[in-house]
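Residue numbers (the working numbering), protein chains in the order written: chain X, 242 to 740; chain D, 242 to 740; chain E, 242 to 740.
For the record, the hints were derived by calculation from the structure and aren't laboratory data.
Be aware that a few hints might be false.
To be verified - With beta-carbon atoms standing in for the labels, derived distance ranges:
#1 E:501 x D:506: 44 to 52 Å
#2 D:722 x E:713: 56 to 64 Å
#3 E:670 x X:378: 44 to 52 Å
#4 D:434 x E:713: 19 to 27 Å
#5 D:465 x X:670: 27 to 35 Å
#6 X:699 x D:712: 55 to 63 Å
Stated by the list, open to error - Simulated crosslink set (BS3-like; lysine-lysine; CA at most 27 Å straight-line):
#7 X:506 x X:576
#8 E:506 x X:729
#9 E:628 x E:576
#10 E:576 x E:626
#11 D:626 x X:506
#12 E:576 x X:709
#13 D:622 x E:729
#14 E:729 x X:729
#15 X:576 x D:709
#16 D:576 x E:506
Backbone N, C-alpha and C fix where the C-beta goes; we use that ideal spot for every residue, glycine too.
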Amino acid sequence: MQIGAASARGVLFVFFAHLQLLFAASPFSRLAVDNICGVAAEFRTGKSDLSFGDYDYGAFSMDATAELANGLNHAYMLISAFLVFFMQAGFAMLCAGSVRSKNVMNILIKNVLDACVGCMAFYFFGWGVAYGVDDDGEASSFIGAGSFFLSKNKANGGFSDWKGFIFQWAFAAAAATITSGAMAERTQFAAYLGYSFLLTAFVYPVVVHWVWDGNGWLSAWGDENKQAVIDFAGSGVVHMTGGVAGLMGAIMVGPRTGRFGPDGKAVPMPGHNAALVVLGTFILWVGWYGFNPGSQLAIADGASAEVTARVAVITTLAAAAGGVTAMGLHYALYKVWDLIAVCNGVLAGLVSITAGCPVIEPYAAVLAGAGGAVILWATGKLLLKLKIDDPLEAFAVHGACGAWAVIFTGLFATEGYVAQAYGAPWGKTEYGIFYGGSGALLGNQILEVFIIFVWVGAIMGGFFYSMKVAGYLRSSPEEEALGLDESKHGGSAYNMEKI
Amino acid sequence: MQIGAASARGVLFVFFAHLQLLFAASPFSRLAVDNICGVAAEFRTGKSDLSFGDYDYGAFSMDATAELANGLNHAYMLISAFLVFFMQAGFAMLCAGSVRSKNVMNILIKNVLDACVGCMAFYFFGWGVAYGVDDDGEASSFIGAGSFFLSKNKANGGFSDWKGFIFQWAFAAAAATITSGAMAERTQFAAYLGYSFLLTAFVYPVVVHWVWDGNGWLSAWGDENKQAVIDFAGSGVVHMTGGVAGLMGAIMVGPRTGRFGPDGKAVPMPGHNAALVVLGTFILWVGWYGFNPGSQLAIADGASAEVTARVAVITTLAAAAGGVTAMGLHYALYKVWDLIAVCNGVLAGLVSITAGCPVIEPYAAVLAGAGGAVILWATGKLLLKLKIDDPLEAFAVHGACGAWAVIFTGLFATEGYVAQAYGAPWGKTEYGIFYGGSGALLGNQILEVFIIFVWVGAIMGGFFYSMKVAGYLRSSPEEEALGLDESKHGGSAYNMEKI
Amino acid sequence: MQIGAASARGVLFVFFAHLQLLFAASPFSRLAVDNICGVAAEFRTGKSDLSFGDYDYGAFSMDATAELANGLNHAYMLISAFLVFFMQAGFAMLCAGSVRSKNVMNILIKNVLDACVGCMAFYFFGWGVAYGVDDDGEASSFIGAGSFFLSKNKANGGFSDWKGFIFQWAFAAAAATITSGAMAERTQFAAYLGYSFLLTAFVYPVVVHWVWDGNGWLSAWGDENKQAVIDFAGSGVVHMTGGVAGLMGAIMVGPRTGRFGPDGKAVPMPGHNAALVVLGTFILWVGWYGFNPGSQLAIADGASAEVTARVAVITTLAAAAGGVTAMGLHYALYKVWDLIAVCNGVLAGLVSITAGCPVIEPYAAVLAGAGGAVILWATGKLLLKLKIDDPLEAFAVHGACGAWAVIFTGLFATEGYVAQAYGAPWGKTEYGIFYGGSGALLGNQILEVFIIFVWVGAIMGGFFYSMKVAGYLRSSPEEEALGLDESKHGGSAYNMEKI
């Protein structure tokens, strides 16, 4: 919009505003409220590239209140996107602190490149796979069809959902980074470049399309008659996808040398810097306030404002409950006040609430987070029994707790909150069985868990297997012993002066 | 609000909007402006759980402009809350860097748990103690009465002030973390869990109720005829409370072994990582932009927007003046460009402006910050003379400068700014004696300092004394010598590969 | 504004609102839309201290929609300012990680003081030099004239552009910090204090006045008939200024002892902590989302919302392209996956898009970022050939890529985007020659690069030369060998317990 055009529209606005006086029952007055709510509604469908620039500037959309609502929603979504992107810094610090000092640059460069390669992949293909439509504005229920390279197409009059792109890219980068953690300290760099691109260009965006695009077959934000999964900010879409990909990678690449002793027992390989782990955890927690509350995609209307604020509180309660539970569990079992366990408990709590945050009660958030901490611990034990080495516990935190979160939502979603967050215009009314729901929601939630496991497991498993067979997956024993930093990245991450 | 309901309200809106045409002098047109201002006013009283969800959706409150103002205020308060929470990361890095490397995990787990345990404590009791009302919507002037566990009550038709809760929780966690710093490196973990819970569940929320809840006996945001303390973002409420609790703890637990030599002189125990101290300082500074400007609790109306922006500048000036003054002071005295002193000077400057930021002039902000740096230095010297060992200088920074800030406001608050920030509808007009004020404000400010010192000192002092007598307060000499990380937290924070 | 005054204005509002009914063609209805757009327009000129507090509260400006737009723009600009300030933490971590461990406290105290001293300098003089007007509201095209010490003057009825001050201060601190990096590890502290103050009080604000103040002779946001440089967020204004100052400093102070061997070849002096470098890079990237999108200075109107969101995406694409290109370039040349090179590539990409972000297409953003990574590499090689030692590659990243960004904008700015971002009311229409532009824009861009090089180079070069002659510039060989931390800052940044 040019400012000059604004003046022209102003004149039209005057005309219509006063035309309105002639028809006392005219619907024009409703526009202000409806536009605010409507903006939120259209945002959620994923079909609409609804930046203001694309409006057909008829009298209706010129409404000043709608313009302000658009501005406010832009501001809130952009800031949320920046917070989600900040999570990359959190993952980087968490990962760096959790590996041995000889592999720090290796994991850090992957974190930086998850944002960079992920951006290229999402720009080239990912966005189009997730949300693209063809020239008729259509897309299949399986995959998007257009907007590759942020290209223009007839249906939407040129790409314009800029805030949507940056928000979604930040999520995609998070999924890729989760995967990196599970394969840390022994994976070839070329293999990393491959899976990072594959995941952010195709595997992850397809899941996004299914669950979040209005055309997707599992989407709650589409037709009333479709499957309706409630996975608000992506416990399944993002965390399970990243976690399951990581599990496949960890299985295929095998455990770090020396991780399991001759007796099959796990040998501790503690990270090299607990301060970085805590810093990473706090940054991730802060970033989650973009992840979860930002996923409302709007805040200008009263309902969105309330949901967004409640989501922030619910998210906090689950994180705190996860941390406290992990503290108690580890002290009870091992008589140690375990800092790393508390940090992972916080993250488990956060993952465990990400699916259902707008539809569950505060007390249930505490249950979700506490349960997540237990599931994290149990999953970690199980993987060690199976001799699967996941240095960051990425599958336990993101995969297992992601599945827990999706299913938990099918149990504890309340009728009123579902109606508020997923009612009009999407017409979704199914809620949790613990509140008397029919079980249809729970069934759909289980279906999401199953289908993500199958889809991501099959494609990423196949990819990692191919890389393994081709000899591109695992670093050589010499490189691993020396450390990847010295062998591949030109030196050590740390160079302290002799004193 | 459900979107479906929005449409229904839209119809009502049309009706009333056009009814309006029949009565040219009708007050309906005023709603837009009044609602914006009114939202801010009601937010400040603390009595109103004013999320939009609670509106009686009559024609009046349906006003689209009010809905937008509500959305904008939600967005700003949520982001401010996230910034305040980010301060936990800042405290964690500041504390970690300031202790010896053998106690890093100990201080870090306390920082993480201040957020987690503090959340549970504030969810269970703290919020209700601070802002809760009974079923008739009443609360005493001493303590809140309801909304425990975010429960619903008749007076407000169900809990709804979600943004208020997350904002206040972040403040409570900050108070607890301040205390941790003063007792670092020699306190038992169980004692920590006790005081963290006690502080965030009861001691701190009571102070909040007094000063910030409209019902509190010291609140400026309540009845016109009450005591009116100006402690905008909590130099007294948050920083003095945390600092005085820390002082009591430091006295009761005693100095670290070896902190004072046989001659009674302090032996330097430098922190182990200056980079973490700087990182923490910067994060705290950034977080303070949620703390101070966010405490306006609204930004949609013109007055709030101006106050919020001015508060950001005033806060910056005080922080910078504190840093520069500390630099000059330490160079003049010791001929060292002292990085840690500059960092603490910045924090002292920030604490010193937190009470009065909306009511003082820029030049006075420079004075407040510079004075804070001097008070920090003098208080630090005094504590060493008294053989009180406060590893983070928590009392000097937060306690002493907190008191300085509260009293400074009684001296330098300008008439015009008080009228702008505390005038209508609260009717507060008292300003600083240096501008010709009557002294009533200064008297109230001194009363706040006194009463916080007594309240927090008595309860927390009593608690720490009981713990000491029961043998739960101080770590054993062996644990302290070995380091708390090895003895209680399962190993060292750092594990560097041999190269 | 007092709330009481709001009520009084409400009455006036009612009067005018209903008066409006009598004149169907009255222009009053246009106010809502026009005010939103107008707010953005006036913000950009730099002349208007347009906080709401300064409004002549006639019926027009009381419009509720304009008040909300003002609130929203305040919120967005404040948060953007906080993000830009957060970059100081990023620079601090980047610089600390990039120097040797014996000079960490030295570089960190400079980073902290760049914010503190910079604040004092900008409060005393800088703001007035950049944006000040005299009592008649005038300023020359070369330098501002008033508002020193945030003083009041008749023209604007008292200082009120609080959000503008904090936003601009954060930019000024960034420029000073860029300079510090180029002179790290061998510069006297007194010299630093001098150039930091000089830069933020005078040299940098003059450039700001030229390019960003509506009165400036190069400003695109002023008269239609003036030179119009497109330097949206300051690739030239901020980054070239800091980078050229750093280059002058690095030349004058000479290379670190041992940086060049007897054969003239550069001896690697790797930084001491790669994790801090990555943390700094991510924080800078996050902060850039305040730097670039925030430079729209408004988000309430539809055009600003779209530009802001697009700028965020464009910025991301350039950063990612810079990182990926640096990765490929260094692997192709040296067979190393070079973490530090990738980090610097990201920063080069960010600098390379900062001038033109609102006026170039996504594909061009990729070109700009990729080109920046190449220019960074080539400039680094060139400086080593010339035996100029720039430890942080500050000139390569900020100076060279800053110039590249400004010139790139003259090549790739599209006609439509220029019209959107710089059309009405500023009447600027010149666009890039690759899209058929006349070359006038490109000429102006080259002029900006030239004039910043001359201005900053001459003044800062002269200053550094004077300091050198006076013996205040370079640390003594003994201090440098021992490390500046031990010799000047009271000890080492790191104190690890023996285990």
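Hint check:
no.: 1; hint: E:501 x D:506: 44 to 52 Å; in the structure: holds, 47 Å
no.: 2; hint: D:722 x E:713: 56 to 64 Å; in the structure: violated, 47 Å
no.: 3; hint: E:670 x X:378: 44 to 52 Å; in the structure: violated, 33 Å
no.: 4; hint: D:434 x E:713: 19 to 27 Å; in the structure: violated, 54 Å
no.: 5; hint: D:465 x X:670: 27 to 35 Å; in the structure: violated, 49 Å
no.: 6; hint: X:699 x D:712: 55 to 63 Å; in the structure: holds, 59 Å
no.: 7; hint: X:506 x X:576; in the structure: holds, 20 Å
no.: 8; hint: E:506 x X:729; in the structure: holds, 24 Å
no.: 9; hint: E:628 x E:576; in the structure: holds, 25 Å
no.: 10; hint: E:576 x E:626; in the structure: holds, 22 Å
no.: 11; hint: D:626 x X:506; in the structure: violated, 54 Å
no.: 12; hint: E:576 x X:709; in the structure: holds, 22 Å
no.: 13; hint: D:622 x E:729; in the structure: holds, 22 Å
no.: 14; hint: E:729 x X:729; in the structure: violated, 37 Å
no.: 15; hint: X:576 x D:709; in the structure: holds, 22 Å
no.: 16; hint: D:576 x E:506; in the structure: violated, 38 Å
Violation of the numbered hints given earlier is confined to hints 2, 3, 4, 5, 11, 14, 16; the remaining hints are satisfied by the structure.
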